[in-house]
Amino acid sequence: MSSYEARFQVWRGDAQGGGLADFAVEVHDGEVVLDIVHRIQATQAPDLAVRWNCKAGKCGSCSAEINGRPRLLCMTRMSVFDRTETITVTPLRAFPVVRDLVTDVGFNYTKAREIPAFVPPSGVAPGEYRMLQEDVDRSQEFRKCIECFLCQDTCHVVRDHEENKTAFAGPRFLMRVAELDMHPLDAAEEAGLDRRRTAQDEHGLGYCNITKCCTEVCPEGIRITDNALIPMKERVVDRTYDPLVWLGSKIRRRPS
Amino acid sequence: MATGTEPPDTDPRPPGGGVRSPGRAAIAARHLRTDRWWLAPAVTAAGLLAFVAYSTWRAFANADYYAAPYVSPFYSPCLAENCRTMQGGPNADLFGSWWAISPAIIILIFPLGFRLTCYYYRKAYYRSFWASPPACAVAEPHRTYTGESRLPLILQNVHRYFFYAALLVAGVLTYDTVLSFRDEHHAWGHMGLGTVVFLVNIVLIWSYTLSCHSCRHIVGGRLRHFSRHPVRYRMWQFIGRMNAHHMLLAWASLVSVALADFYVYLLASGVLDDPRFF
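Protein chains in written order, with this note's numbering: chain A, 1118 to 1373; chain B, 158 to 435.
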């Protein structure tokens, strides 16, 4: 096993201010950035705040920015960096900082609450739901989301424009709308809830300019833009901008 | 806990905007990326500008677009009276004699609109020309942002109509490719290097057109129950696999259509003789 000394810059501070602090820290083979942050915590800065939990890329707690790129600390191997480079670790820059690497991601929970939940179909009791695999494949891809909020962090609509946070739900929650709109048993429409219209009018789908940063940073490899956001935009076009589809819906013989 | 070592603030936006909003981590730099994040938008911009320059020249040239049996894809179908006569070719004098400028302008609006509103190209030019954003986690320079939620960018939603038009144009280009199996005297059963160029081009044009996100949606994406529509489900899966390569197909077909036009230009201007295989 070989080891070397790496140079780190870790942002330290709180909502009142802060800056990058320098650390020289030992790195061993096979380690990830979170290991190094823990070593800094253990040996040099015991009060360094960092949020983490599973260390397996499944809890979504250790989201941060490494060399300016939103990533999970626990899934970023040290071997991807040149041994001579200085590695910068900062908190997520789209959200208010609490302390050091910990941010307040409450914005996301607010947005989560704004998405109307699954509407159970009438006449089918819980436990009696039956769905075919090909009907749920699309929604299941979105269920892989670990809610690390890296997509929310990197999305320039809110990252670069704080004022858009009220109007824009962000890719994670537009994906949630897509998941429900594609759900074979969701009875929102029968209940008078038009998810396509609310996606555009209430959750800000129109703000998305499909530049795919959410897809680039997703640690679960969910094709957020291609499989959720663009299909939702197309569904909005069906509803709002395409008279041919409207006409087809009036004369179709089978439900979709 | 400011260290006093932050670089000077050169951001034109008012203090407190974007990543420097109050409450966020106090980091003066617009980004901290150390990789060559600027390379992809720069190459994209260069590629698109090169195509725009070339296609503008060729579209307005109104010359050297027909060398029997080949017609440039920029001029097909040719819908004005001032088109060159092409025996059995894609001529239709729909616009009459009042159309005085290049007939390419009439038809190019459709493939141009299709590509301009294409989801891939939108990403490409939003990033490389409008820097919105220039790259992921690199702050954009704009003070405000409304995206595609209002005019003019809400018009991007017409992409579907350009897709319908692009299908028709691709159909005409397919016809042109069939015509390329003639010789210069319009006799059938021949093939030259131009036929191969046209074949490659039409395969790429169709691949790009059918891998479009709107096509994917129309074919099956709009369904809620794939199990009730097994044929459309299969088609949706097939187009989905193509759609994963939409960016590659967008560039490949852009290059191929320019090359097909350039090949016709070389033949029509007498620079090159078409090598005939049989």
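Simulated from the structure, these hints should not be mistaken for lab results. Among the hints, a few may not be true.
Mimicking SDA-like on lysine to any residue, the simulated pairs with C-alpha atoms at most 25 Å apart in a straight line are [what the hints assert, rightly or not]:
#	chain 1	residue 1	chain 2	residue 2
1	B	K280	A	G1338
2	A	K1282	B	L429
3	A	K1175	A	R1247
4	A	K1282	B	H402
5	A	K1282	B	I263
6	A	K1172	A	P1213
7	A	K1282	B	V326
8	A	K1282	B	A186
9	B	K280	A	A1284
10	A	K1282	B	V357
11	A	K1282	B	P309
Hint-by-hint comparison with the structure:
1. K280/B <-> G1338/A: Answer holds: K280/B to G1338/A is near 19 Å, not above 25 Å.
2. K1282/A <-> L429/B: violated, 59 Å
3. K1175/A <-> R1247/A: The given pair, whose Cα atoms are some 28 Å apart, is violated under the 25 Å limit.
4. K1282/A <-> H402/B: Given that 25 Å is the threshold and the Cα spacing comes to 33 Å, the pair is violated.
5. K1282/A <-> I263/B: Since the Cα atoms of K1282/A and I263/B sit roughly 43 Å apart, the hinted pair is violated (cutoff 25 Å).
6. K1172/A <-> P1213/A: Answer holds: K1172/A to P1213/A is near 24 Å, not above 25 Å.
7. K1282/A <-> V326/B: violated, 42 Å
8. K1282/A <-> A186/B: Holds: K1282/A and A186/B sit about 22 Å apart, inside 25 Å.
9. K280/B <-> A1284/A: holds, 22 Å
10. K1282/A <-> V357/B: violated, 47 Å
11. K1282/A <-> P309/B: The hint holds at about 22 Å.
Comparing the model with each earlier hint shows violations of hints 2, 3, 4, 5, 7 and 10; every other hint is respected.
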